[in-house]
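Residue numbers (the working numbering), protein chains in the order written: chain A, 267 to 746; chain B, 267 to 746.
Keep in mind the hints are simulated off the structure, nothing from the lab.
It does not matter which identical chain is meant; a pair holds if it fits inside one copy or across any two.
EDC-like mimics (lysine to aspartate or glutamate), calculated; alpha carbons at most 20 Å apart, straight line:
1. K475 with D657
2. K597 with D624
3. K597 with E650
4. K475 with D496
5. K475 with E659
6. K529 with D557
7. K583 with D273
8. K453 with E319
9. K597 with D657
10. K623 with E599
Quick caveat, the model's predicted, so the values are computed rather than measured.
Here are the chains, one letter per residue:
Number of protein chains: 2
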Amino acid sequence: MTTQSVDPRTGLSFGPIFPDTSREQSASFITQAVDAYLVWMRTTTQDRARVLEALADALDSHVEELVTLADSETALGIPRLTGEVGRMTFQFRAFALALKNGISANVVDAAVDAPLPQGHPQFLKTYRGIGVVAIYGASNFPFAFSVFGGDTASALAAGCAVVVKAHPAHPQTSQRVFEIAQDALAKAGAPLGLVGLGHGFEFGATLIKDPRISAAAFTGSRTGGRALFDLAVSRPNPIPFYGELGSVNPVVVTSSALADSEKFVGAYLDSLFMGGGQFCTNPSVLFVPADSDFTSQLADQIARRSATPFLSEATKKLHDANREVLLIALKGEVLAGHAAPEAGFFSTPEVVIVSAKDVSGKDALSIECFGPTGVVITYSDASEVIEILSDLEGALVGSLFANVTDSDVPVLLDALSSKVGRVAWNAWPTGVSVTAGQNHGGPYPASTSPLHTSVGLDAIQRFLRPVTYQGLPSELAGLI
Amino acid sequence: MTTQSVDPRTGLSFGPIFPDTSREQSASFITQAVDAYLVWMRTTTQDRARVLEALADALDSHVEELVTLADSETALGIPRLTGEVGRMTFQFRAFALALKNGISANVVDAAVDAPLPQGHPQFLKTYRGIGVVAIYGASNFPFAFSVFGGDTASALAAGCAVVVKAHPAHPQTSQRVFEIAQDALAKAGAPLGLVGLGHGFEFGATLIKDPRISAAAFTGSRTGGRALFDLAVSRPNPIPFYGELGSVNPVVVTSSALADSEKFVGAYLDSLFMGGGQFCTNPSVLFVPADSDFTSQLADQIARRSATPFLSEATKKLHDANREVLLIALKGEVLAGHAAPEAGFFSTPEVVIVSAKDVSGKDALSIECFGPTGVVITYSDASEVIEILSDLEGALVGSLFANVTDSDVPVLLDALSSKVGRVAWNAWPTGVSVTAGQNHGGPYPASTSPLHTSVGLDAIQRFLRPVTYQGLPSELAGLI
Chain A
267 MTTQSVDPRT GLSFGPIFPD TSREQSASFI TQAVDAYLVW MRTTTQDRAR
317 VLEALADALD SHVEELVTLA DSETALGIPR LTGEVGRMTF QFRAFALALK
367 NGISANVVDA AVDAPLPQGH PQFLKTYRGI GVVAIYGASN FPFAFSVFGG
417 DTASALAAGC AVVVKAHPAH PQTSQRVFEI AQDALAKAGA PLGLVGLGHG
467 FEFGATLIKD PRISAAAFTG SRTGGRALFD LAVSRPNPIP FYGELGSVNP
517 VVVTSSALAD SEKFVGAYLD SLFMGGGQFC TNPSVLFVPA DSDFTSQLAD
567 QIARRSATPF LSEATKKLHD ANREVLLIAL KGEVLAGHAA PEAGFFSTPE
617 VVIVSAKDVS GKDALSIECF GPTGVVITYS DASEVIEILS DLEGALVGSL
667 FANVTDSDVP VLLDALSSKV GRVAWNAWPT GVSVTAGQNH GGPYPASTSP
717 LHTSVGLDAI QRFLRPVTYQ GLPSELAGLI
Chain B
267 MTTQSVDPRT GLSFGPIFPD TSREQSASFI TQAVDAYLVW MRTTTQDRAR
317 VLEALADALD SHVEELVTLA DSETALGIPR LTGEVGRMTF QFRAFALALK
367 NGISANVVDA AVDAPLPQGH PQFLKTYRGI GVVAIYGASN FPFAFSVFGG
417 DTASALAAGC AVVVKAHPAH PQTSQRVFEI AQDALAKAGA PLGLVGLGHG
467 FEFGATLIKD PRISAAAFTG SRTGGRALFD LAVSRPNPIP FYGELGSVNP
517 VVVTSSALAD SEKFVGAYLD SLFMGGGQFC TNPSVLFVPA DSDFTSQLAD
567 QIARRSATPF LSEATKKLHD ANREVLLIAL KGEVLAGHAA PEAGFFSTPE
617 VVIVSAKDVS GKDALSIECF GPTGVVITYS DASEVIEILS DLEGALVGSL
667 FANVTDSDVP VLLDALSSKV GRVAWNAWPT GVSVTAGQNH GGPYPASTSP
717 LHTSVGLDAI QRFLRPVTYQ GLPSELAGLI
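Model the full assembly from the supplied sequences, consistent with the hints where possible.
Rendered as structure tokens:
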């Protein structure tokens, strides 16, 4: 099998053909990565920070070239992709700063001279990179969640080596980012083979089954992610698998938030159709009061929205199949924007409207339509919202648009927080800041590891293995 | 099926018969636990600390009764069991103090007014109990790793409810601890059903498959632990599984540590045979210089050691089968203590001695002989030790007995730390302090979750799910 770029706007293939990475090449990448890990894990956090900063500088200096290339493969547009390169390099700098600030610093637990169980010798808790990490690039963020995305940044910061499987929707961007980074890594003195890059479906499976891989990170579809998760946990030595498998994000709107419904509907459609609706933090299910003019405003505004391209034919096919199931399950009214052109991989922007009373069973609302298809549920009473929320699967994020004095705020905040990893107040769920307080995760399927975040500084915790030294003399502290 | 206590010293059954917990009872425990969780997770950390302290006080006040009962079921002896009750209640007090000190406190990440990607709204990262946790009592610590052991203490501290499967080797102790604790929980105002207790093999499997269980913790055999792990990760919604599945712990001794070999050998045998050798931190494989008088001292001293009882017939059978495989695989010289009596479940204390040159393949050294059977490997050069260590599976702990000036210390510390979660300097691996710097975990099979510890304050992290609030107004801070 091979991979080649396809222009989503035309459906035409272009550029070099990438053969699938063979088993031998895969084994060789991992061998090199293991050797590199043994050097890299011993470097000081200051040295690692310096290398991460050099990577960021090198990638920033190629922003125009990278953005043009990525746009030809993903059709995400120049402004969005330019911002995303900035986010990619910001992540490397943020982890560099976090390392300097001691995010993985040792913890000293002084000896206590007392009888058991209070008394104990000195403990020095240290944190090291867990080993070689397999990382799977995502389709929808060709920079920020791909070869040198947040998973790679946090794994390298932790002291791990990395082998990445490129996403087939942007092989050239993956390869070019990799080349720039390899050059920067070599110049900065990082060990050879610290990061490897391969292509192909089989490569992804070969990688995760290799006994020398110590952890894996994935962002993508539920089917693909669960298959990799199953491989990771059925190994003779199972490994941590940090998978983000999709998310149906609830957004609850109270009457008081609809004072300017024209503006509100515009902001909703912007968030819903951002990146062609291909965001894991998409406002998937919006709850609005039935007695508002939200739906009439929506009908008016959506009619003026253009069709947007998918990232790939595969993304379109998956979306279209899920959309069909969703429409059958919900039996709602469909409001649509401009019809999708025949050429390329486009979809008509749509919103399905259904009354809370007519939503039965959780199955319909567990379908993630990864693309420009939204669901609006009209409700008469907050209790209807709570009941539907209680049936939802885990999600990355939930939003609540309300006034602080609304009487339903306590129960709604509570219901949302039980299902999601992040609750946004009067803010759309799209847009995930890379910062210390961020949490990008949540109950399954939002994450296969609900206690961890894949965005923000705490993402490094996924790759740090504690090793405690008991009673180590101070003369030997320099050895660890 | 039913469970009944058996005296390991005689092999005779005694006491009440515990019927297996039915599926209906299991479902009912979980229903009650879910309700209790929804109340308990909302309590303040101060309130939770108060309840944990009340539990500790109640259990302490029954120490004599509990120790007598546990000794009749486990034959671990009154002094050891008395200490273990102290450790059990210390754990509850330690988590109570940790809660008061803010171990699960919110993290405030202030808004940054700047363009993307630096700028962001305020984030408030909070931590809540993940839900209802299934906990599996261990055979070898009827208090500290059982119904109200460290897993229960850390899960309750995190704000979780708990359903425990009692270990069949001490059903009466499990039940009595549970009764005392239930009474204390009720008096302290904890929600009804916060902790449930059931019996039987099937109950264990039913529990982990229930979709309302959000995490599980296990300490025990590799076979049982892996079976439960496999159930946990093959659920439609997989859950975190914190399993400690056994550990072959390496201990490396250099010549300089053998100045007083008589005393050293005595200390080795004390650690090896402690609790009948049924410690997960047992000094499983000891590396000693070939040119020392260690083995002659060992031959002399082991001859005077008595046979010790196993915890149960099952423990004895598993040990005896593994011992047989080990002896065939190692082909070493066997030194033995007093022969085991016929009655009850005893084993002759033994040490197998083999030269490093004759150890081939990692399989022999991956066999955990859970009982009074040790392995001593004599070496001529540290490189032999390094090579064998590199073949070992992951372990909980490794010890190094040496002088700070020994030239091999750097490579030996390095080799040990790559395989274990804790490196003890000039100290036997047995004895695990409950403290902030502790790490009781390690690469598989030591732990199915190598980034987490099951002993010490960080054990609470296994059960805390982050929920971040974005842009929440200060007026609403009281709601979360």
